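Engineer: Here is what each chain is made of, one letter per residue.
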Amino acid sequence: MSAPVYNFAYLDEQTKRMIRRAILKAIAIPGYQVPFASREMPMPYGWGTGGVQITASILGPDDKLKVIDQGSDDTTNAVSIRKFFVKTAGVETTTKTNEATVIQTRHRIPEQALTEDQVLVYQVPIPEPLRFLEPRETETRRMHALSEYGLMHVKLYEDIARHGHIATTYAYPVEVGGRYVMDPSPIPKFDNPKLSDSPALQLFGAGREKRIYAIPPYTHVKSLDFEDHPFEPYRHDAQCELCGAMNSYLDEVITDDAGSRMFVCSDTDFCEDRRAAGHHGPQGGPAAAATKEESAHG
Amino acid sequence: MLDITANTPEFDPAYASQAAFRALMECMARPGQIRSLKGVDAPAPFAPATAALIKSLADYETPLWLDPAFAAAPQAAEWIRFHTGAPLVGDPAAAAFALIGNARALPGFAQFAQGTSEYPDRSTTLIVQIEAFSGDAITLKGPGIKTAQRLAATPLPADFAARMKDNRALFPRGIDLVFVAGTDIAALPRSVMIEER
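Listed in order, the protein sequences are those of chains A and Z.
Counting in this note's numbering, the first sequence runs from 165 upward without gaps.
Counting in this note's numbering, the second sequence runs from 69 upward without gaps.
Calculated from the structure, these hints are not laboratory results.
This structure is a prediction, so every number in the text was calculated from the model and none was measured.
Built from N, CA and C at the ideal position, the CB exists for glycine as well.
Take these hints with a grain of salt, some might be off.
Each computed DSS-like pair below joins lysine-lysine, with the alpha-carbon atoms no more than 30 Å apart [said to hold, decoys possible]:
| id | chain 1 | residue 1 | chain 2 | residue 2 |
| --- | --- | --- | --- | --- |
| 1 | Z | LYS106 | A | LYS251 |
| 2 | Z | LYS209 | A | LYS386 |
| 3 | A | LYS386 | Z | LYS106 |
| 4 | Z | LYS214 | A | LYS260 |
| 5 | Z | LYS209 | Z | LYS106 |
| 6 | A | LYS251 | Z | LYS209 |
| 7 | Z | LYS214 | Z | LYS106 |
| 8 | Z | LYS233 | A | LYS228 |
| 9 | A | LYS374 | A | LYS228 |
| 10 | Z | LYS214 | A | LYS228 |
Over 10 Å on every C-beta distance to chain Z, these chain A residues come out as not near it, computed from the model [as the list claims (entries may be wrong)]:
| id | residue |
| --- | --- |
| 11 | GLU177 |
| 12 | GLN178 |
| 13 | ARG185 |
| 14 | ALA186 |
| 15 | PRO208 |
| 16 | ASP238 |
| 17 | GLU256 |
| 18 | ARG305 |
| 19 | HIS308 |
| 20 | GLY314 |
| 21 | THR332 |
| 22 | LYS374 |
| 23 | ALA378 |
| 24 | ASP401 |
| 25 | GLU416 |
Looking from chain A toward chain Z, a few residues come up when the C-beta cut is under 8 Å (computed) [unchecked claim]:
| id | residue |
| --- | --- |
| 26 | ILE191 |
| 27 | TYR196 |
| 28 | MET307 |
| 29 | ARG343 |
| 30 | TYR382 |
| 31 | LYS386 |
| 32 | PRO394 |
| 33 | GLY423 |
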């Protein structure tokens, strides 16, 4: 039996050219969703096939790849995508945000500020921010063409009418470069401010929906809001139990069936770096940190 | 006859096209910044970087339009057909990429596909060969630029800044430009804004 032989980074060259042309158009028209001929990948739709196809098309042999799933380097989706590219492209991988040149992410932006030498690739389930308001693609396309975004403001207003505040907590709609309204993928709205004026290029891929879009570096991204209800990022009012961080996005972890819970950083690399630097929270003494280190990274 | 053996060896389809694309992607994301890439030998009037970009981006799906400088060299058209299989078209509005060998005679942008309001991506990308990234600089602003970026390119038509302004007024429609000088490239996506002098 001979081992299966893949082209570098799995995709054939014609597919990469098609995706690369779409990426160039996406960068030239910030926030606009470029249709592309999404391929079937060796993983199901919904597992990041859009992000994987972008990563495969931009990745070179000298790149260092980091993959995160909800901020974590060691969950199933992140581990399997990382292994996929180790196998098909032979690239180096890392869990360190500052060492990576390409970071593929599912639903988080790393806590550590990105640099000009990095590309952030988002996995997007539903790229059309207006889809739940208007199911017809022909109509949403015309709404984008005419910058007709009143309906989105009505949706946010209805939040206020019902709940007293804008209750949208993730996939919070943004306006890119003063033109297109865009779905930032289901990142928590805590991350929205990091979309704007980032030194890194941000690419978004939706495999099932066959769309690619982008935010170039240093592009103003505004979270939609009202003068009397300005946008506010949300964060649990707590500290990370392991590293004591007061400024990171926190996951709530249920610890028993009696309702006990703890908060920990969603960004595992950020949390580990802080603990390595000597910071610790109530449950994250030096001994606890050491055991966590061993079990991390699949 | 086209000497195919003289043109084929050094360009690895996976690695070299990735490197050329990545340089162009960075240029597109950071308008006005100049990057070098590994060129490819191709018949005149091809600059080495133009040939590398065409090999990286063009195939049977991308109609190409050649300006008179390129069209006057049958070897160049033969090279494109052999290496990419891209159809050559006479109508610039039907082209995905336009190759401009004579930047002085840069055709009016309105001749090219500028996309539609619904599909602004259905536009032509112009690859313009210049002599050098030097001369009078224009100042660029917009997405991808932190404060301001200067770009000098020679030769260009005298009304170039005005044309770019008209192009920006069409946004999100419009054309995207890639400048090539030897193995150096820089890009002006349609989102770029030219500062008044």
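Engineer: So, for every hint listed, does it hold in this structure?
Structural biologist: Evaluated hints:
1. About 27 Å separates the Cα atoms of Z:LYS106 and A:LYS251, which keeps this hinted pair within 30 Å; it holds.
2. About 18 Å separates the Cα atoms of Z:LYS209 and A:LYS386, which keeps this hinted pair within 30 Å; it holds.
3. Between A:LYS386 and Z:LYS106 the CA atoms are separated by roughly 38 Å; this puts the pair beyond 30 Å, and the hint is violated.
4. A threshold of 30 Å between alpha carbons decides the hint, and for Z:LYS214 with A:LYS260 the separation of about 26 Å falls inside it, so the pair holds.
5. Restraint check for Z:LYS209 and Z:LYS106: the C-alpha separation of about 28 Å stays at or below 30 Å, so the hint holds.
6. Using a Cα cut-off of 30 Å, the hinted pair A:LYS251 and Z:LYS209 is violated, with the two alpha carbons roughly 41 Å apart.
7. For a cut-off of 30 Å, the pair hint linking Z:LYS214 to Z:LYS106 stands: about 27 Å separates their Cα positions.
8. Proposed proximity of Z:LYS233 and A:LYS228 is contradicted: the alpha carbons are some 39 Å apart, above 30 Å.
9. Among the hinted pairs, A:LYS374 with A:LYS228 is consistent with the structure: their alpha-carbon atoms are about 26 Å apart, no more than 30 Å.
10. Taking the CA atoms of Z:LYS214 and A:LYS228, the gap is near 25 Å; set against the 30 Å cutoff, the hint holds.
11. Non-interface call for A:GLU177 relative to chain Z: violated, since the shortest CB-CB distance, roughly 5 Å, does not exceed 10 Å.
12. Listed as a non-interface residue, A:GLN178 fails to keep its Cβ farther than 10 Å from every Cβ of chain Z; the least gap is roughly 6 Å.
13. For A:ARG185, the non-interface assignment is contradicted: its Cβ lies about 6 Å from the closest Cβ of chain Z, within the 10 Å cut-off.
14. Against the 10 Å criterion, A:ALA186 falls within the reach of chain Z, whose nearest CB is about 8 Å from its own CB.
15. With a least beta-carbon separation of about 26 Å from chain Z, A:PRO208 lies farther than 10 Å from that chain, consistent with its non-interface assignment.
16. Its beta-carbon lying about 28 Å from the closest one in chain Z, A:ASP238 satisfies the requirement of being farther than 10 Å from that chain.
17. For A:GLU256, the requirement that its beta carbon stay farther than 10 Å from each beta carbon of chain Z is met, with the minimum near 16 Å.
18. The non-interface label for A:ARG305 is inconsistent with chain Z: the shortest C-beta to C-beta separation is roughly 5 Å, within 10 Å.
19. Not every Cβ of chain Z is farther than 10 Å from the Cβ of A:HIS308; the closest lies at roughly 8 Å, contradicting the non-interface assignment.
20. No Cβ of chain Z comes within 10 Å of the Cβ of A:GLY314; the nearest lies about 18 Å off, and the non-interface call holds.
21. The non-interface label for A:THR332 is consistent with chain Z: the shortest C-beta to C-beta separation is roughly 25 Å, beyond 10 Å.
22. Here A:LYS374 stays apart from chain Z, with its beta-carbon at least about 13 Å from theirs, past the 10 Å limit.
23. A beta-carbon of chain Z comes within 10 Å of the beta-carbon of A:ALA378; the shortest separation is about 8 Å.
24. With a closest Cβ-Cβ approach of about 35 Å to chain Z, A:ASP401 is found to remain outside the 10 Å limit, as its non-interface label requires.
25. Remark: the non-interface label on A:GLU416 is consistent with the geometry, its nearest Cβ contact in chain Z lying 36 Å away (cut-off 10 Å).
26. Nearest Cβ of chain Z to the Cβ of A:ILE191: about 5 Å, under the 8 Å cut. The hint holds.
27. A least Cβ separation of about 6 Å between A:TYR196 and chain Z falls short of the 8 Å threshold, and the interface hint therefore holds.
28. For the restraint placing A:MET307 at the interface with chain Z, the shortest Cβ-Cβ distance is roughly 10 Å, beyond the 8 Å limit, so the hint is violated.
29. The interface hint given for A:ARG343 is met, as the beta carbon of that residue sits about 6 Å from the closest beta carbon of chain Z, less than 8 Å.
30. At its closest, the beta carbon of A:TYR382 sits 5 Å from a beta carbon of chain Z; the interface hint therefore holds under the 8 Å criterion.
31. Hint status for A:LYS386 relative to chain Z: violated, with the closest Cβ pair at about 13 Å, above 8 Å.
32. The interface hint given for A:PRO394 is broken, as the beta carbon of that residue sits about 24 Å from the closest beta carbon of chain Z, more than 8 Å.
33. Given hint, A:GLY423 at the interface with chain Z, is violated; its Cβ is 48 Å from that chain's nearest Cβ, farther than 8 Å.
Consistency note: the structure conflicts with the earlier hints numbered 3, 6, 8, 11, 12, 13, 14, 18, 19, 23, 28, 31, 32 and 33.
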